[in-house]
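Student: One-letter residues, chain by chain:
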Amino acid sequence: MNALLQTRGLTAFYGDAQALFGIDFQVDQGEMVAIIGANGAGKSTFMKAVTGLLAVQPAQILWQGQPIGGMSASEIAKRGIALVPEGRRLFSSLNVEENLLMGECAERKGVWNLLRVYELFPILKQKRLQASTSLSGGQQQMVAIGRALMSNPALLLCDELSLGLAPIVIKEIYSAMPRICAEGMTVVMVEQDVSKAREVSSRLYCFQEGSVSLQGVSSTLTAEQISQAYFGLPNKHGAALP
Amino acid sequence: MMDMLLQTLMQGVLLGGLYCLFALGLSLMYGVMRLTNTAQGDFILLGSFSAVAGIAALKWLTPDATWMPLLLSPLLLLIAFGAGFMLQRQVLNRVLGKDPLPSLVVTFGLSIVIQNLLLELFSADPRSIETGGLNIASVQLPGGWAVGVLPLLILALALAATYGLQWMFDHSALGRSFRAVSDDLEIAQLMGLNAKRVYAYATGIAFMLITVAGVLQAMRTTVSPSDGPMLLLFAFESVIIGGMGSFKGTLIGALLLGVTQQIGFLFDPGWGIWFGHIVFLLLLLVRPQGLFPKTVG
Amino acid sequence: MSTFTVTRSNRSSRTAMWVAVLLVLTAATIPYWAPEDNRSAWMREFVEIACYLVFALMWNLLAGYGGMVSIGQQAYFGFGGYTMLMLSNFAGINPFVAVPVAALCAGLIAVPVSFIAFRLQGGYFAIGTWVIAEVFRLSFANMSMVGGGSGTSLTAFTGISKAVREQTTFWMALAGMVASVVLVYVFLRSKRGLALMAIRDNEVAAESQGIAVQRTKLAVYVVAGLGAGLAGAMYYLSNLRITPDAAFSVNWTAFAIFMVVIGGIGRIEGPIVGALIFWVFNKFFSDYGSWYLMGLGLLAILVTIYFKQGLWGYAQQRWGWALFPTQRRLD
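Residue numbers (this note's numbering), protein chains in the order written: chain A, 988 to 1229; chain B, 10 to 306; chain C, 257 to 587.
One or more of the hints may lead you astray.
Within a straight-line C-alpha distance of at most 16 Å, the following computed EDC-like cross-link-like pairs (lysine to aspartate or glutamate) qualify [what the hints assert, rightly or not]:
1. B:Lys107 x C:Glu459
2. C:Lys564 x B:Asp108
3. B:Lys205 x A:Glu1062
4. A:Lys1065 x B:Glu195
Ranges between beta-carbon positions, derived for each pair [as the list claims (entries may be wrong)]:
5. A:Glu1062 x B:Ser181: 55 to 65 Å
6. C:Ser464 x B:Val295: 22 to 32 Å
7. A:Gly1074 x C:Ser542: 36 to 46 Å
8. B:Met13 x C:Trp547: 45 to 55 Å
9. B:Gly173 x A:Gly1074: 32 to 42 Å
10. B:Gln99 x A:Gly1027: 19 to 29 Å
None of these hints come from the bench; they were simulated from the model.
Keep in mind it's a predicted model, so treat the numbers as computed, not measured.
Even for Gly, the Cβ is constructed at its ideal location relative to N, Cα and C.
Sequences are here, hints too, so could you generate the full structure?
Tutor: Structure representation (C-alpha cells):
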C-alpha cells in the first residue's frame, strides 16, 4: 500500500455545525487526484482539516501511515504537505521573491529552489522584486504555486487554481503541472472546472453536502454520473442521496 | 524671536528622538501581532530602575571602576530580550486573538503591578543615573548655539534604531516572518512558521528598545514609578501621528510631538503637554491614518 | 418538527429578583436602623460602592456589550463631578438637582468627543480615550476658578444639616444605582440591546442586516458617558472635595476593569458580583497599599488568562445561574 494521505471517516465541525460527514479518501504516491463539488460541498473544509487549520480527531487523517489529525498547521507543513490556497493569498507586504522564500520556512530539503521555480515560471524572475499585489491574477497564482513548491512538499494541495482566471491563463498554469509531477510529486487538486479536473487527474472524488458522492478513475466516469453526483440527484447506481 | 523659535524647534527635535525610542517598541508589537502594550511606559521605567539599581550595586561592588556601567549595557540588553521573549511566550501569547480586551486587561494589569512594585522597591522619590556630566555637556554649533551632547546622542540612537529596525524588516529572514504573520497569520502558519515563536522574538526586540529608552530617560532626567502612563501616551501619540505600520513614520511622529510640546511650553509651562495632546487629537480628527501610513497594497 | 419556545428567565432568576428587591428596600431604610455612631460611615461607604458599581456597570456596557474597550471613561466621571460642583457653587443650583443635570452634561459632551475617539479601533481606541481623559484632567487642572491643580470644595451645602445632607445623598446614590441597573437591563433586553450584541459579535454581518451600527455605537457611548458622569457627580456630592488628579484618575477605570473582569464581562451580574468582591477586598486589604494594588492587578491577569468568563461567567456555565437573563434560550 503506497497510500500517502488517507482519511477514514473524517468528520469536521465549525462550532456546532457539522461540515464533513465521514469522508473516506486516499491518494497514493505519485498520483494526481481531483476533488470536485459545488460550493459548500465541503471541499475547502476538507483542505483545512488536512492542512491543520481545522481541528479533527487524530486518527481520522493518516499521513504516511501516521495520524496527523488536529496537528498544528506549521507542524503539518514541516511534514511535507503544502497548500496553494484558494484565492492565492499572497503576503501583501512581501515582493514576489520574498513570497517564494517564505516556502523555506518548512525547512525541508528537495529539488525545488528559487532557480527551479524561476525556470518553471520565467515571468516571475522578471518581476521578482515587484510587490506581489501588482501582478496579474495568473502571475499571482504562479507565485502561490511556486511558494508551495519551495517547501519541497511530498504532497501538493491545490485549491481552486483556476478561480477567477481567463481560460488561456488557466491553460498556461496547468501546462506547468507535468513538470511538477515529473519529479514524483503527488498532487490533490480541488477544481471548480469539472472538465479540467477530469482531464488532468487519474482519479477523482465528488463531494456533495459534506460526503463523498462519487469516486473513481477519471477516464471511466461518465458526464452523466458526475453531474448527478455533483448535484446530488438520485442515480440508478444507488449513489448517495441528500 | 526667530532665534527662540529655532531654538525651540531644535529642542523639540531632540526631545522627539527620545519619544521615538519610547514608541518603536510599541509600533513593533502592534505591527507584528496587533497587540497594544498598555504597559509600555511602565516597562520603560522598569528598564530605567533596573539600570539605576544595577549601577548602584556595581558601584558598591567595585567603587573605583567607573566604566563598569558600560559593561552592564549589553548584559542588560540580553536580559531585556530574554524577559520580553518569556513574557510573550508564557503570558501574552495566551491572550492574543480577535478580541482586543484580554490583551488589554493583561497589559493593563501588568502596568499596575509594575508601577506598584517599583513604588515598593524604590519609593516615590525620583531617581536618575549618574552620567558624570554627560547630561549637561554641550557642543557648539555654527551659528552660536549650544546643543546638549546627551540629547544629540539620543537622537542619533533613535535614528539608528529606526533605520536598523526598518532594515531588519526589509532584508532579514526574521523581518520577512514579521511581515508575513502580520499580513496573513493563517497562511504564514501553513508555510511552517511557528507564530508563537515569531511573536516572542518581536517582543524580545521590543524590550531591548524599551530598555535603551529607559536608560536614556534616566540619564536625561529623573524618573519616578508613576511616570509610566505619561510615557505610554507619548509613545502612542508618536505612533499615531506618524502613521501605523511605518517605523520612519513613528520617528517623524515623535519629532513632531516633541516640537509641538516645546512650542506649548513656550506659552506656558502648564500647557505644554496639553498642547501636544490637543494637536494629536486634531490630527486624529483630520487625518486619522497618520501622516505616513504604510500603504498596504 | 417540534415547536420551539423562546424563554428568557428561569426559576433561579425570578427568585433572585425578589431577593434583590428585598435587599434594596432593606438598604433604603438603613438611615433609620443603623447604629448611631456607625450610621454616617455606613452611608458614606455605601455611596462610594454605589458609585464604583455604576461606573463599572457603564464600563461593562461599553466594553462587554458594545465591544468598545475604553481606558478613558474617567473623563466623564471627573466631568460629572466638576460640573455638579460648578453648577452648585456658581449657578446656585441645589446640589441634589445638579447631579442629574451634570450627568446629562456628561452625556452631551460625549457626542463631540466620540467624533475623535471613533477614529480609532481596538487597542488604539483604548489608549486614545486615555489621551482624551488626560486632556480633560489638564484642562480642569489649569482652571483657577475651580482651584486649579489643588482642587476645590463643594460649598453649596451651607445651611443644610449634616444629617439631612447625608441621608439625601445616600438615597440619591441608592436610587442612582438601582436606576442604572434597571436602565442597562431594560436596554439590553430591548431590540436595541439585541442589535448591540449583534454588532459586538460581528459588525459587518450586523450592518448587512440593516442595523445602524454607527448610531447604535454612538448611543451606547453616550449612555456610558452619562452613567459615568452620574457616578462622578454622586461621588463628589458625598465626598465634598474634588481634585483633578483624583477625579480624572485612571484608577477609576482600573477598578472598573477589575470588577468587571473578576465578575465576568458581558453579563449584568458581572459588575455587581465584581463590585461586591472588590468591596470585600478593599475592606480587608486596602491598608496594604501598593501590595494590595499589585494583588488586584495579578488577580485580574490570572482571571483573564484562566477564567475568561470571569467568576460569575464560570458559575453561569457550570451551574446555569442567571440573575439578569438577557440571553434567550431555545427550548
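Student: Can the suggested window of 19 to 29 Å be confirmed for the beta-carbon pair Gln99 (chain B) and Gly1027 (chain A)?
Tutor: 41 Å Cβ-Cβ, so the 19 to 29 Å window is violated.
Student: Against the 16 Å threshold, does the CA-CA distance of Lys107 (chain B) and Glu459 (chain C) hold or violate the hint?
Tutor: Roughly 13 Å between the alpha carbons, so the hint for Lys107 (chain B) and Glu459 (chain C) holds.
Student: Taking 55 to 65 Å as the hint, is the beta-carbon distance of Glu1062 (chain A) and Ser181 (chain B) inside that range?
Tutor: Roughly 24 Å apart at Cβ, these two residues miss the hinted range, so it is violated.
Student: Within 32 to 42 Å: is that where the Cβ-Cβ distance between Gly173 (chain B) and Gly1074 (chain A) falls?
Tutor: Once the Cβ atoms are compared, 35 Å apart, the range 32 to 42 Å for Gly1074 (chain A) and Gly173 (chain B) holds.
Student: Compare the distance between the alpha carbons of Lys1065 (chain A) and Glu195 (chain B) with 16 Å, and conclude whether the hinted pair is satisfied.
Tutor: Judged against 16 Å, a Cα distance of about 15 Å means the pair holds.
Student: Assuming the hint says 45 to 55 Å, is it satisfied by the Cβ distance from Met13 (chain B) to Trp547 (chain C) or not?
Tutor: holds, 49 Å
Student: Take a quick look at whether Lys564 (chain C) and Asp108 (chain B) sit within 16 Å of each other, Cα to Cα.
Tutor: Distance of about 12 Å is within 16 Å: holds.
Student: Just to be careful, I want the Cα atoms of Lys205 (chain B) and Glu1062 (chain A) compared with a cutoff of 16 Å; is the pair within it?
Tutor: holds, 13 Å
Student: Quick one: are Ser464 (chain C) and Val295 (chain B) within 22 to 32 Å, going by C-beta?
Tutor: holds, 30 Å
Student: Range first: 36 to 46 Å. Now tell me if the beta carbons of Gly1074 (chain A) and Ser542 (chain C) are that far apart.
Tutor: violated, 56 Å
Checked against the numbered hints given earlier, this structure breaks hints 5, 7 and 10; the rest are met.
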